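Trainee: Each protein sequence line maps, in turn, to chains S and Y.
Residue numbers for the first sequence follow this note's numbering, beginning at 1 and rising by one.
Residue numbers for the second sequence follow this note's numbering, beginning at 397 and rising by one.
Mixed in with the good hints, there may be bad ones.
Quick look at which bits of chain S chain Y covers, simulated, 3 or more residues with Cβ under 8 Å [to be verified]: (1) 174 to 185; (2) 310 to 319.
Mimicking DSS-like on lysine-lysine, the simulated pairs with C-alpha atoms at most 30 Å apart in a straight line are [as the list claims (entries may be wrong)]: (3) Y:Lys-399 / S:Lys-347; (4) S:Lys-317 / Y:Lys-472; (5) S:Lys-21 / Y:Lys-407; (6) S:Lys-21 / Y:Lys-452; (7) S:Lys-317 / Y:Lys-452.
No lab work stands behind these hints: they were computed from the structure.
Predicted, not measured: the structure shown is a model, and the values here were computed from it.
Quick reminder that beta carbons are idealized off the backbone N, C-alpha and C, glycines included.
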Amino acid sequence: MDTAESKKTPLYDEHVKMGAKIVSFAGFFMPLYYKSIIEEHLNVRNNSGIFDISHMGEITIKGKDSSTFVDYVFTADVSKIGQGEIVYSLILNEKGGIIDDVTVFKFSENEYMVVVNAANTQKDFSWIHYIQTEFQKKGKDVTIENISDGIGLLSVQGPKSRDLVYPLISGVVKIGKCGLFNFNFKPKQVRELKHFEFSCAEFKDVNIEALISRSGYTGEFGFEIFVPAEKTVILWNYLLKNSHLSNLLPVGLGARDTLRFEAALPLYGHELDETINPYDAGLEKYLSDSKDFIGKEALKNIKNKEKRLIFFKLSGKQIPRHSQRILDENLKPIGCIASGTYSPSNKFPIGSAYISDSCVNPSFLRNFFIDIRGNFEKAEVVLPPFHRNTKTISSK
Amino acid sequence: MIKNGSFYFAKSHEWIGKDSNNKYHIGISNFAQSELGDVVYISLPEAGKTYKKDGKIGEIESVKSVSEIYAPVDLKIISINSKLNDTPELVNQDPNGAGFIAEVEVLNTADISGLMDYNSYQTFIASHHE
């Protein structure tokens with residue numbers, strides 16, 4: 001990505017003021033870390049952390065035929081969820097390859113919001129627009145809008161994140177306007193939200209209304225807060241001013257990656273891309289049996305997994321990196337690294353890899369080697385997640 | 397450990413300096429460690445081995461990246477800082493002291509005059525990395 005084209009989130013100046021190390025990621029200047037990836041990571045596992053994830057994209061889908069539309073575009077049973085609920089889903093191309101992994105928020109039968117990966121916002125919007133055009137030709141009522149630039153998105157994650165959020169919001173819940181959104185149903189109290197439910201939060205003192213969801217990308221209890229772009233700085237500083245409530249630290253993309261990977265959550269461009277199908281990635285549970293969707297026909301012809309995702313740990317200290325080769329015990333190449341990182345919770349390197357050699361049965365694979373710049377480092381297959389007592393296959 | 401004013405820096409961000417016993421040490425600069433972030437692994441050079449100026453002597457790996465370490469001058473490794481095997485974070489905590497890489501013998505002292513002193517290095521960083 002050319003840094004000259006990178007955009008800034010509403011919080012860019014705040015990151016610079018706090019001394020963050022800034023990198024270009026998915027077309028945005030983003031904080032990689034403020035002080036230390038490891039310290040920020042462990043603070044999310046033990047206390048709480050706040051992330052600027054305003055780079056993520058948001059696309060709204062509205063109109064009488066929205067439910068039919070979302071069920072066709074997304075692989076999961078989207079229209080079946082209730083108002084105020086969220087579902088994780090994939091978007092596939094006609095060949096069954098993964099265009100993106102997303103979350104879909106349901107406001108009503110006629111209104112949804114899709115949260116997409118920053119690097120894919122334009123691609124997803126163009127794809128969804130293409131399908132929408134086909135729908136409109138058949139006289140269906142669906143409109144879509146890319147509202148990403150108008151939204152600041154904060155993520156508050158960690159076991160203590162509730163100690164920060166609950167005291168700072170008023171207990172009022174009402175039907176109607178909520179920041180940029182319009183709730184045509186009575187949302188739950190924020191304290192009563194379960195995982196993958198959303199509501200409206202009114203932040204005291206600063207009088208900011210924002211959509212708040214119980215969701216995240218760390219494997220911890222947490223919230224994501226969708227706030228009007230022009231109010232993002234005020235809300236960010238308000239939450240940080242109250243950091244004593246939950247030992248809150250600002251957290252950059254570096255720890256966002258190590259946290260998501262320990263929790264074995266996939267990252268587009270690493271575990272997922274258009275050459276990988278949902279079976280390869282082990283995401284078949286997000287494919288609906290009860291409806292048609294784009295890519296479903298192609299998936300019927302995929303009898304055997306072409307690749308298979310495995311997770312591993314290393315006994316050495318060198319860190320495996322994306323695209324490095326993996327080799328069997330006779331040093332024959334059998335696949336490639338998807339993600340590799342250092343696990344701050346375990347203090348050893350961990351990773352994921354795709355086995356692409358059809359002669360290798362991943363169920364029987366225990367140990368293999370990774371070619372890390374010419375060093376063959378021994379790896380052991382494990383069952384994720386990595387942040388709660390990682391199990392080796394033999395101890396399963 | 398290294399006497400003030402006796403640090404010299406390479407463009408590749410290694411330092412070399414003399415301690416109070418006139419022994420030379422090498423390490424990576426404070427700027428370099430701050431750019432790398434949390435260091436989790438260092439592949440150290442071999443004691444007894446000689447390296448040419450700008451030759452690769454090791455690797456330093458942080459959570460997000462890996463960089464090569466180069467010899468700032470023609471040198472021979474007298475001993476390595478073996479504490480870095482178990483506590484590589486010393487490079488972040490004290491890059492000019494306890495986080496040094498190795499004690500070395502300088503094989504060509506003229507090489508040192510080609511390096512930057514502290515002030516020149518600060519100017520170099522400011523002009524190349526801002």
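Trainee: All hints, please: hold or fail.
Mentor: Each hint tested on the structure:
Taking a C-beta to C-beta cut-off of 8 Å, the stretch 174 to 185 of chain S contributes 0 residues in contact with chain Y, too few for the three needed, and the coverage statement is violated. Counting residues of the stretch 310 to 319 of chain S whose beta carbon lies closer than 8 Å to any beta carbon of chain Y gives 3, which reaches the threshold of three, so the coverage claim holds. Restraint check for Y:Lys-399 and S:Lys-347: the C-alpha separation of about 35 Å exceeds 30 Å, so the hint is violated. Restraint check for S:Lys-317 and Y:Lys-472: the C-alpha separation of about 26 Å stays at or below 30 Å, so the hint holds.
Taking the CA atoms of S:Lys-21 and Y:Lys-407, the gap is about 21 Å. The hint holds against a cut of 30 Å. For the hint pairing S:Lys-21 with Y:Lys-452, the CA-to-CA distance comes to about 27 Å; that is within 30 Å, so the pair holds. With a C-alpha separation of about 19 Å, the suggested pair S:Lys-317 and Y:Lys-452 falls inside the 30 Å cut-off, and the hint holds.
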